[in-house]
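Undergrad: Model the full structure from these sequences, guided by the hints.
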Amino acid sequence: MARMQNGTVISNGNGAPYVSVVAGGAGFLGSHLCEALIASGHQVICVDSFVSSSRRNIRSLESSPDFRLFEADVCEPLGLRGRVDRVYNLACAASPPRYQADPIHTMTTSVVGSLNLLRLAEARGARYLQASTSEVYGDPEQHPQSESYSGHVNCTGPRACYDEGKRAAEALCFDFLRLGRVDVRVARIFNTYGPRMQPDDGRIVSNFIVQALSGKPMTIYGTGEQTRSFCYVSDLVRGLMALMEARLPHEGPVNLGNPDEHRVLEFARIVADLVGARNAVRHEALPTDDPRRRCPDISLARELLGWEPTVSLRDGLRETIEWFRSTEVASHPHDPAPEQRMAATAGK
Numbered sequence: 000m001a002r003m004q005n006g007t008v009i010s011n012g013n014g015a016p017y018v019s020v021v022a023g024g025a026g027f028l029g030s031h032l033c034e035a036l037i038a039s040g041h042q043v044i045c046v047d048s049f050v051s052s053s054r055r056n057i058r059s060l061e062s063s064p065d066f067r068l069f070e071a072d073v074c075e076p077l078g079l080r081g082r083v084d085r086v087y088n089l090a091c092a093a094s095p096p097r098y099q100a101d102p103i104h105t106m107t108t109s110v111v112g113s114l115n116l117l118r119l120a121e122a123r124g125a126r127y128l129q130a131s132t133s134e135v136y137g138d139p140e141q142h143p144q145s146e147s148y149s150g151h152v153n154c155t156g157p158r159a160c161y162d163e164g165k166r167a168a169e170a171l172c173f174d175f176l177r178l179g180r181v182d183v184r185v186a187r188i189f190n191t192y193g194p195r196m197q198p199d200d201g202r203i204v205s206n207f208i209v210q211a212l213s214g215k216p217m218t219i220y221g222t223g224e225q226t227r228s229f230c231y232v233s234d235l236v237r238g239l240m241a242l243m244e245a246r247l248p249h250e251g252p253v254n255l256g257n258p259d260e261h262r263v264l265e266f267a268r269i270v271a272d273l274v275g276a277r278n279a280v281r282h283e284a285l286p287t288d289d290p291r292r293r294c295p296d297i298s299l300a301r302e303l304l305g306w307e308p309t310v311s312l313r314d315g316l317r318e319t320i321e322w323f324r325s326t327e328v329a330s331h332p333h334d335p336a337p338e339q340r341m342a343a344t345a346g347k
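Residue numbers (numbering that gives the first Met the number 0): 0 to 347.
Hints are supplied without guarantee of correctness; some may be wrong.
Said to hold, decoys possible - Derived CB-CB ranges, DEER-like:
# : residue 1 : residue 2 : range
1 : Ile269    : Gly81     : 44 to 50 Å
2 : Glu75     : Glu224    : 41 to 47 Å
3 : Ile103    : Arg268    : 35 to 41 Å
4 : Cys154    : His249    : 25 to 31 Å
Think of the hints as simulated: they come from the structure by calculation, not from any bench.
If you're wondering where the values come from, they're calculated on a predicted model, not measured in any experiment.
Ideal placement from N, C-alpha and C gives every residue a C-beta, glycine not left out.
TA: And the structure:
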């Protein structure tokens, strides 16, 4: 089995490069994963319907001989042909305004889409990684959140299409694993940020950066005392790849995120300071089921993967702010619409 110097597996037992399917590969996180896999020697098949992603995210990959785009909705059976060694399932809108815009499709993507991709992995003998979410913990009563915590979720609320869809997908994955049908890994992803976030997706990082750059008031929901932790995208991608290739001695999910916790009000001040802005702060009512605290316990990831984040919040934000400056945001300031502002304290 061929390996790079850093230990990343790049080929199967026959010496051929791994063929990795990345569902949701044109999204914010998926496009970074596609790039990292190709850089590690994989051949990548990006599966995406472009419902909540952008072709711009994969434009730099289209000329690569190791990249192939397969435009499809994972809710439908996939007609992929040829060898597949790895399946990364990142398919599903991750910001509340986007997943709440079509809640039935969100739930279907999480459950039916996962089933279709699990069947693909089973048919090809491929290893499978499910991108789950910290939202499975709901508004947690345990802090920080460890993988053993079963969560505190409103199963019929406006966020349930995503929260419960992801919980159902996890159950489906571990049923396939227990039955010996697919080698499965599940990553519970906490808030992730970086270049290629959509400026209008309503998530806290993009909202604050766009508002700071445009000189508009920074929107704080509630008192701003609720907390979040933020993982830079390169750290998260490195964790996903490590989890996919690890030999796991246990059956269960693994938290991936940054345990460095910040109050939302403090985070807004950090963004404003890095932008060099003196924006006013606007307080609005807290959205339904918005978590009061969100911070991962990554002890398991450290133990099993030797993984932990290395990019500091300020360094990651500098890269992200610079990317937003270089896009149309600076010349076309954006103020989140009410349905988008619902998410300004949440999201991956």
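Undergrad: Work down the list of hints and note, for each, if the structure agrees.
TA: Status of the hints after comparison with the structure:
Checked against the hint of 44 to 50 Å, the C-beta distance between Ile269 and Gly81 comes to roughly 46 Å, which is consistent with it. Checked against the given bound of 41 to 47 Å, the beta carbons of Glu75 and Glu224, roughly 44 Å apart, stay inside it. Taking 35 to 41 Å as the suggested C-beta distance range, the pair Ile103 and Arg268 conforms, at roughly 39 Å. Taking the beta carbon of each, Cys154 and His249 are about 27 Å apart, inside 25 to 31 Å as hinted.
Every hint from the earlier list agrees with this structure, and none is contradicted.
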